[in-house]
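Enquirer: Position chain C against the provided structure of chain B, taking the given hints into account.
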Amino acid sequence: MLSSKEQKKIYELMVKTRVLEERLIKMNKSGQGFFWIGGPGEEAFNVPLGLLINKGEGLNHDFLHFHYRQSATLLTMGAKMIDVIRQMHNVAADPYSGGRNFVNHFAVKEWNVVNVTSPIEVQYAFCIGTGVAQARNKAKGITIVTGGDAGTAEGEFQSCLLWSSRKNRELPILIIVTNNRWGISTPQNEVHPKSGIAARAKGFGIKTAAVNGNNPLTSYEALQKAMHYVRKERKPFLMEVFVSRLYGHSSASGANWVGGEADCIREFEKQLKKKKIMKDSDFQKIRQKYEEEAKKALIEVLEEPKPDPASIFNHVFVDRKDAELV
Amino acid sequence: MATMAQAIRLALHYGEENLGVKDIFGEDVGPPLGGVFTCTQGLKNAWNSPLDERGIIGCAMGLAIAGQRPVAEIQFSDYIFNTIDLLKMCGNTLWCSNGIWQVPMVVMTPVGAGIHGSIYHSHSFESIMTHIQGWKIVMPSCAYDAYGLMLSAIQDPNPVMYLIPKALLRSQGEEKIPGEPENPKELSKMIDAPLGDRSQWKPKWPDLGDPKMPLGKAKIRLEGEHISVISYGRMLPLCMEAARQLADEGVDCEVIDLRTLFPYDQKTIFDSVKKTGRVVVVNEDTEVTNYGEHILRRITEDCFYYLEAPPTLLAGANVPGIGLSEPLEQASVPQLSSIINTLRKVAETA
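Heads up: the sequence lines are chains B and C, in that order.
Using the numbering used here, read the first sequence as starting at 9 and increasing by one per residue.
Using the numbering used here, read the second sequence as starting at 762 and increasing by one per residue.
Calculated from the structure, these hints are not laboratory results.
Small disclaimer: the values here were computed from a predicted structure and weren't measured.
Wrong hints could be hidden among the right ones.
Pair by pair, the computed Cβ-Cβ distance ranges are [as the list claims (entries may be wrong)]:
(1) B/Lys16 <-> C/Ile845: 44 to 54 Å
(2) C/Thr1110 <-> B/Arg144: 54 to 64 Å
(3) B/Ser38 <-> C/Lys1035: 48 to 58 Å
(4) B/Ser319 <-> C/Leu1085: 44 to 54 Å
(5) B/Glu65 <-> C/Gln1096: 47 to 57 Å
EDC-like cross-link-like pairs, simulated, lysine to aspartate or glutamate; straight-line CA separation at most 20 Å [claimed, not checked]:
(6) C/Lys1028 <-> B/Asp330
(7) C/Lys978 <-> B/Asp330
(8) C/Lys973 <-> B/Asp330
(9) C/Lys849 <-> B/Glu299
Glycine included, every Cβ here is placed at the ideal spot set by N, Cα and C.
One chain only, chain C, in its complex shape:
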C-alpha cells in the first residue's frame, strides 16, 4: 500500500489532472527535490517559490481570488508563524466582503514531533490554527485519508489547512487508494524518483479515483464500550496500539479519528461519550489553550450527565519547544506508555 507521502502525491496528481490545480508550490516543492518529504515529486504543476512564507501564503490567496485552485506548502509548520495575519485574511475575506470573494485554497504543512526534529521541526499547529476562523482544518492519520482528505480539501470552496503528521509520512496504509496497484513495490517503481540524476525521469501515474471523503466527518477506528479516545494525526496509531494492549486487561476503548479538526464531527463525539461515559482526548500540541480543551468543554457542557469520570486531556508539555535528545522529546509529547496509563486511570475511576 502507498505511504502517506505517496498518497499525498497521488492526490495532488489527481488534483492537477481532474480538479484544475495549476499551482502546487512552496520552498523546494518543484523539481528536482519535489518537497523535503517527496510529497510533490514528479508533479507537472509543482514549482519552487522564493524562501518567503508570507509571499507563499499571499500568492496562494491571490491565485484563489483569481479563480485558481492553488495548493501551497509551508515546509514545516514551525515556519508558518510569520504568516498568521495573512492566514487570518485568507479566512476572513469571504466574511469581510459579505460573501463577495471566495478563497478556495489549500495550505499543507507538516506538524508534530516524532522525527527527532528538535525545536524547529516539531511544532504542532492545530491549537493556533483552530483560532483562525473561516478555515477548514484537516489532519489525516493514514495514507488513505491523506489521499481522500486532500481531494476534498482541493474541491472545497473555502480555505483548507491540511496538517501533515510528518512522522507518519513513511508509514504504509492498510487500505488501497482507488486505482493504486496491489504491489507497493510496483507503485514505488511508477512514481518514486530514482536517486541521482532525475532530469530525464517521468513518473507513470496510476489511473486514480476519488473516494469522496467528506470534510467534517470523523471515523470510528475501533468500537468499544468503556472509554472514548478522541485523537487524530500522529497520536492516532498510538491510541490504537494502546487500545489493543488495554483490551487484554478488559478495557474496551472506542477510538475516534477526528480527521477534520474544524468543523469537527460533534455528533460522532457526543454519541460515543454518551455511550461510554468516559473520554480522553489525545494530541501532541502544548496543553495550555489546547484544541482538545475546546472538545472537552463541549463534552462537559453537552454530555455532563452522562459522564462517569473526569473528561481528560493528554497533550504535550507546556514547554517552548521539543528538545532534540530522546529523553527530552519523550518527556514533551505523549508516548504509548503515557497514553496507556492515562486511559487505564480514566477507565478505573469509580
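Chain B on its own, in the form it takes in the complex:
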C-alpha cells in the first residue's frame, strides 16, 4: 500500500503532466507548435510506470520503447517541462530531436529511452533486440514496450509475442498495451475481435493482466507485480491497460476535451479527499504551481533560436562523414 506521501507525489506528477499537455494543446491552437499528440488520460498509469522503472543507461537498466502518449512517464523520470515545450516549439535546444520531430517523441540515451516514432507499433519489433541483449546479460534490466490497442493489428505486435515467448529463449519484456478503445476515429469494436488483446498473448503462453489504468494505485500494484515477474523469471508479461483519451487522438482531430470518458485526475482527487490525504485547496495550489512553471517555460522557449538550416546533414551518419553529396 502506498503511503500518503507517495500518493501525493503521484497526484502531483499527474497534474504536472496534465497541465503541460494542456499548455501544449494551447500552443498548437495559437500557432506556437505545428502538431500536438500526447497522453491526457493516461497519467494514472504512466506516472506509476515512471516511478517503477529501473532508470539508467545500458543493459543493467530498463530499456524503454515508448509511444507518443507517455509524457507522464518521462516527467516522472525527471524530464523537464521546458524541454517538452522546446520540442513542441521545435527549437534548436529541443534535447530529444533538435527541432526535427513532433512533441512527445522522446529520445534519452542516459535513461535508455529509445526514439519514440510516429509509425505506431514498430517499437514492438525493436524491443525484441534489447530483450535478446538483456536475456543474455542476466542482470536486472528488462525491456518495457508500450503501444496502443489499435496498433496491435500490425504485424510487429505478433512478432513481439512470438519472439519473446520461444521456449527456452524467452525474453524479459514487459509488453504494455494502453487500450483507449480508439484508433484515431475508428472504434475498437469495428476492427478488433471481442476477446480482447490480452487473450491474444495467452495463445503464446504469455502471462497477462488487465488493468484499470484510470486508477494510479491499482496501476502501481499491477505494474509492481508484472515487473517483478519479468525481472525474476526473465520471461514476457503482457498488461492490457484500460485508459481514457481525453483530448482525442491529436490536434488533427481538434484536440478538444472529450466528454463521457473517466478523468483519472478527478477520480483520484475523489479518493484522496475521501482518505483525507489532500483537499480542494491543495489541488488548486498544485495546478497553479505547474501552470506558472509551464507559462514561464513557454516565455523562455519563445525566445530561443530555431535550428540552423545547415544542420540538416548532421547525424545522417555518425560524425556527419559522407552525409552530404558534394
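Expert: Below, chain C alone, put in the same frame as chain B:
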C-alpha cells in the same frame, strides 16, 4: 583461394572473435544448415530466427541500440520488401534523435539473378536501398572484397546493408585473404561442414587478419583510356571479360568496381570519366529509377564538358520479375554479349 561464401564465413568468424559480434541470425542461419548458401556455417554465434523478416530487422535494430554488433540475414532480398519501413527507421534513428542513438548493425542479403532463381530469388535491391537514407550500402564482386567489406561493415557505427551477389558465392577469389591457407582444399577441409550428420563437427578456423578495406572506396580493376565502365557485384566479372574481349578490337576499357554504392567514390568515378570521356554503368537492377541513373546524372552535371559520347546505362529490363526459363532470364538482365555490344557502341560514337 576461398569462395565468396567461405570469405563471408571467415569474416563473420573474425567478427565474432575480434569485433564483438554476438548475434549472426536469420532464417536457417544457425546450425545445422548455416545458411542456404553456407555463409554462416560453423559460426559459434549463429542462430536461427523465426521466419519473420520484420522481427529479424527489428531485433537487429534493438540489439544495435543496446550496444551490440548484430549481423542479420534476410535469406533473399526478394523477401526484404516487407521490412522497408523498419529499414527506414534503422537509417533515420540517429538523425531523428539528433545524434542520440547510433545503430551499428549489418544486414546481409543475397541479390540478383544468375542462379535460375525465377521470380522470387532473383530480385535486385540496390535501387530501392539507395533511396533509404542513413545506410551505407556495399556489394562485393570477389571473395577478397567480400571479406574486407564485411569486416568494415561490422566496425562501422552506422547501419550497413551488405548485398551479396548470390551467383558469385561459389566463385573462387584470386587474392588471398589474410591468414587463408594456400591450398583451397585445405581451407575446405578446415571450415566446410561434412555432408550428413554434423552434430559432432567443429570447424578449424585459420588465424585471420583484417585487410582494413575502407567503405566508400572504389577499385579500378582494369586501367584504360577509351571508356569508363562502372559496375559492381555480379556484373563486374562480366564487364572484365567484356573489356578483355574488346581489347582485341583495340577498345581500351577502364573498369571500376564501386564496391560501396553509398557513399560512393565520386572522385574515382569523375577522374576516370574526365580521362576517358565515355562512360557506361552496368548493373542488373530494373532500369527505371535505377541506381545507375543517379551516377550518370552526377557525371552529366559534373563532367559534362569532358563527355564525348552519351553517358549510358545498361541495366535490367523494366519487368516485374526474372522469368525462370533461360531465354527469359537472358532477355531480362545484361549478358556478356549485351555488355560487349553496348561498350562497343559507346566507344564507336563519334
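Enquirer: All the hints need checking, so say for each whether the structure fits it.
Expert: Results of checking the hints against the structure:
1. Under the hint 44 to 54 Å, the C-beta atoms of B/Lys16 and C/Ile845, about 48 Å apart, fit the expected range.
2. At about 60 Å, the CB distance of C/Thr1110 to B/Arg144 agrees with the hint of 54 to 64 Å.
3. A C-beta distance of roughly 56 Å is found between B/Ser38 and C/Lys1035, which places it inside the suggested range of 48 to 58 Å.
4. Restraint check, B/Ser319 to C/Leu1085: a C-beta distance of roughly 50 Å satisfies the suggested window 44 to 54 Å.
5. About 54 Å separates the C-beta atoms of B/Glu65 and C/Gln1096, a value consistent with the hinted range of 47 to 57 Å.
6. Note on C/Lys1028 and B/Asp330: the hinted pairing holds, with a Cα-Cα distance of about 13 Å set against a maximum of 20 Å.
7. Taken as a hint, the C/Lys978 and B/Asp330 pair is honoured in the structure, with Cα atoms around 12 Å apart against an allowance of 20 Å.
8. For a cut-off of 20 Å, the pair hint linking C/Lys973 to B/Asp330 stands: about 18 Å separates their Cα positions.
9. The suggested pairing of C/Lys849 with B/Glu299 is violated, with an alpha-carbon distance near 39 Å, which exceeds 20 Å.
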